[in-house]
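Chemist: Sequence:
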Amino acid sequence: MIKTGNYEIFILESGRFALDGGAVFGLIPKPLWSKLVQPDERNRITMSLTTPLVIGRNRKILIDTGVGSKLEEKLRKIYKIDFNFDVRKALKDVGIEPEEITDVVVTHLHFDHVGGCLEVEGGQFRPVFPRARYFIQRKQLEWAKSPTELDRASFIRENFMPLIDLGVAEVVDGEFQLYDGIKVFVTNGHTPGQQHVLVEDSINPVFFVADLIPMSYHIPTTWITAFDLFPVELVKEKKRFLTAAYKNNWILVFPHDPDVRAVRIGPGQKYFEVKEVIE
0 MIKTGNYEIF ILESGRFALD GGAVFGLIPK PLWSKLVQPD ERNRITMSLT TPLVIGRNRK
60 ILIDTGVGSK LEEKLRKIYK IDFNFDVRKA LKDVGIEPEE ITDVVVTHLH FDHVGGCLEV
120 EGGQFRPVFP RARYFIQRKQ LEWAKSPTEL DRASFIRENF MPLIDLGVAE VVDGEFQLYD
180 GIKVFVTNGH TPGQQHVLVE DSINPVFFVA DLIPMSYHIP TTWITAFDLF PVELVKEKKR
240 FLTAAYKNNW ILVFPHDPDV RAVRIGPGQK YFEVKEVIE
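With numbering that gives the first Met the number 0 applied, the sequence shown corresponds to residues 0 to 278, in that order.
What the hints contain is simulated information worked out from the structure, not anything from laboratory work.
Ideal placement from N, C-alpha and C gives every residue a C-beta, glycine not left out.
Treat the hints loosely; a few may be bogus.
[Unchecked claim] Within a straight-line C-alpha distance of at most 30 angstroms, the following computed DSS-like cross-link-like pairs (lysine-lysine) qualify: (1) Lys2 <-> Lys238; (2) Lys88 <-> Lys2; (3) Lys88 <-> Lys76.
[Said to hold, decoys possible] Across the chosen pairs, the derived CB separations fall in these ranges: (4) Arg156 <-> Asp19: 22 to 28 angstroms; (5) Lys144 <-> Val273: 36 to 42 angstroms; (6) Val170 <-> Leu74: 25 to 31 angstroms.
The task is simple: from the sequences and hints, build the whole structure.
Modeler: Below is the structure:
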């Protein structure tokens with residue numbers, strides 16, 4: 000648990016899955032990235048589905064919800080979904096029930112970030128967190144409704160459109176102050192309208208990087224994934240936020256690193272690098 004300002008932050012894990020290592024590391028040659036993480040027999044690497052929980056000021060805020068339980072069997076096998084973890088179990092481990100969640104910030108609408116927002120009961124979609132408001136960027140929503148051929152496999156309409164239809168989504172435009180001490184930033188390099196949450200504090204500010212930096216291995220500016228739609232823009236965004244993280248002593252929380260969840264960074268020989276592992 001990280002104590003910051005008026006909030007306590009629990010970095011929960013709502014699942015694990017696997018993606019092709021070549022796609023995860025993009026242009027980086029396998030002889031380089033395989034020194035850091037070993038792929039399986041199908042060249043997949045294990046990745047975490049991190050679901051941070053922010054508690055304070057009478058709010059219980061989730062950031063992303065993992066893949067959920069609705070994926071068809073074929074996709075479960077392709078992505079090697081590990082259901083020993085899920086968001087309900089993760090919450091239960093810290094004594095929280097789904098009904099207690101007040102807000103869900105969906106960083107973006109890829110299936111591995113939004114899938115746990117909804118479940119099917121009696122043939123009907125229902126919110127997993129029935130009392131929560133689900134914050135989604137309008138730009139991301141419009142993109143997800145009409146994605147390109149390159150990224151359409153990442154969006155499953157059943158994961159997010161019922162949130163709109165049920166009236167539980169809060170569709171927002173651009174950066175905003177979620178609550179006192181909690182600010183939401185927006186980037187567009189990975190996918191248009193991706194959200195990043197900053198919990199402000201003079202001692203332990205915490206920044207949830209989302210897929211701007213999926214794992215600690217992606218801290219070097221040019222280490223990006225093949226899933227990043229606008230790589231030139233993403234590199235600029237990484238430089239901006241990594242510089243801010245160093246100058247302001249932010250703790251960075253990664254969405255997909257199974258071994259290192261939160262770090263502080265500092266200058267390295269060529270790029271920023273991990274200077275302190277928090278969790």
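Chemist: So, for every hint listed, does it hold in this structure?
Modeler: Now for the hints, and whether the structure bears them out:
1. Lys2 <-> Lys238: Given pair Lys2, Lys238 holds - Cα atoms ~27 angstroms apart, limit 30 angstroms.
2. Lys88 <-> Lys2: holds (22 angstroms)
3. Lys88 <-> Lys76: holds (21 angstroms)
4. Arg156 <-> Asp19: 22 to 28 angstroms: holds (24 angstroms)
5. Lys144 <-> Val273: 36 to 42 angstroms: holds (37 angstroms)
6. Val170 <-> Leu74: 25 to 31 angstroms: holds (27 angstroms)
In summary, this structure violates none of the numbered hints.
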